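Q: Residues per chain are reported as follows:
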Amino acid sequence: MVYIKGELDLAAAEQFQRAVEPLANDATKLLVIHLDELTYIDSTGIGMLVALLKTRKKQGARFAIENVPPKVQRLFDLTGVSYFFSEANDTTERIGGQS
Amino acid sequence: MVYIKGELDLAAAEQFQRAVEPLANDATKLLVIHLDELTYIDSTGIGMLVALLKTRKKQGARFAIENVPPKVQRLFDLTGVSYFFSEANDTTERIGGQS
Amino acid sequence: MKEHETVVQLSIPADAQFIDIARLTLYGLAAKMGFSYEEIEDMKVAVSEACNNAVLHAYNGRRGMIHLRFEMSADALAIVIKDEGKGFDYKQVAKQAAPLSAKPIEDVKIGGLGLFLMEALMDDVSVTTADGTEVRLTKFRHRGEGEHAHECISPSSVQEQA
Amino acid sequence: MKEHETVVQLSIPADAQFIDIARLTLYGLAAKMGFSYEEIEDMKVAVSEACNNAVLHAYNGRRGMIHLRFEMSADALAIVIKDEGKGFDYKQVAKQAAPLSAKPIEDVKIGGLGLFLMEALMDDVSVTTADGTEVRLTKFRHRGEGEHAHECISPSSVQEQA
Ligand SMILES: Nc1ncnc2c1ncn2[C@@H]1O[C@H](COP(=O)(O)OP(=O)(O)O)[C@@H](O)[C@H]1O
Ligand SMILES: Nc1ncnc2c1ncn2[C@@H]1O[C@H](COP(=O)(O)OP(=O)(O)O)[C@@H](O)[C@H]1O
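Chains as they are written, first to last, in the numbering used here: chain A, 1 to 99; chain B, 1001 to 1099; chain C, 2001 to 2162; chain D, 3001 to 3162.
These aren't lab readings, by the way, just hints derived from the structure by calculation. Keep in mind that the hints are not guaranteed to be accurate.
Said to hold, decoys possible - List of simulated lysine-lysine pairs, DSSO-like, C-alpha gap at most 30 Å:
1. D/3103 x B/1071
2. B/1054 x D/3095
3. A/29 x C/2103
Note that the coordinates shown come from a computational prediction; the quantities given were computed from them, not determined experimentally.
Can you make the complete structure from the sequences, with help from the hints?
A: Here it is as structure tokens:
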């Protein structure tokens, strides 16, 4: 489980990649990203989450995004990524991931 | 009793004067200024409080400043107004003001 | 500068570290003008997208600045985000500004969402690429009356209790 | 501009309503540089005092701007607050910059605390009145090492829990 706190923007990109990469590459474990405390996201952050999803999918590894604040959800909806994230969450649940 | 919330700066000066003037001129009542929720003050705000104190003193009216946050107290000390304010508070207590 | 317009300007290095400073200033001004929380959040993202682009695409890794100009009028806040970088073919790029479509995730290309989000989140977007890039983002105030930008808020409040 | 110096600039109308925008920007930059809460509060007051003076004394009621320049270096944050107003005799005024003395309250003159507070709250204050007024306020970083301004904070944090 990964909790993202604060702003997931261009300034935070490197730190995020560094923190998440080792977890992303471990296909044996379920990866859940919690967004409760995310105060800001833009296309940079959304791009990073989509990239993460692609990595996980390619490995056939489980991935879910949870506790999305309303203003973040709104941007997910606008940009069309909600579709992919909810699909990933469904799959993860189907194969028995628990948060 | 008057509670000052937010910033007591140049931008707030007019609003402060308008709100406090009628109370300042009523010498029969004790005037207590509560600063718990004051987030910012500078020389403008300090000047307004000193002016208020002078008005009250001239009328022989009771006046006290209470619940001063540490960072505000620091500015009161630096500028030398603490002396006048604590004197006013003492006088007010001596003549039996209750907060 | 138009009549009845109040202007604030901010220049920051074209470096990701400083984009949050642009957001802070935007927040302060938009709150002063009485925009809602949602409107302010929308503007924050749009302005950041324009800044992100200046950081990522304008200067090819060389040092440069981003100049922001906040134009406050009775009926709108316009934010102009300008760099002195290499510019780009806006007409061409604008055609591709769209959300991700529902295709298999493997085929989804990341990126290209910035201009789309600006369009989606602001009331008006215009881009000039004559001398670097200048993005102009406008949000109208949905209040009807033509009152002055200044009159609506004071940062402080005095509460009396008898 | 010196080497290893990062500069942010902000221009606001010389109007009391906008001084909080200067404080917001100052806060964002000083926090990024790792200054303590107390140091930031001190700088907020000092910068506001300089802005207050530009609003009150520089333009004689005419419209004008205040230009702020934030110079971030490894060892200090300097804030230059400039107006294009009428200037004043700094040497003369500086002599009178002092806290209120313990005389009867009836004799206390209100005012004249601005320059005193700037001196008291900053590590260095210099004033030039050649073409309007330019106040330069400096706060040193008490950290010893000469590390870069950027390295110390990232606004975001990622927390893992296995
Ligand atoms: N300020 C700019 N300077 C140079 N090129 C830019 C600028 N802004 C946008 N562009 C170009 O427009 C393209 C699309 O931008 P955008 O929609 O924000 O998506 P993204 O930045 O993710 O590629 C960029 O890839 C870039 O080539
Ligand atoms: N930016 C300025 N432009 C013109 N005069 C100024 C400026 N700053 C300060 N002064 C002059 O210096 C005096 C002292 O300033 P200060 O110590 O801040 O106290 P105050 O502003 O309360 O008078 C002011 O009264 C004014 O005459």
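Q: Hint by hint, which ones does this structure get wrong, listed from lowest number up?
A: none
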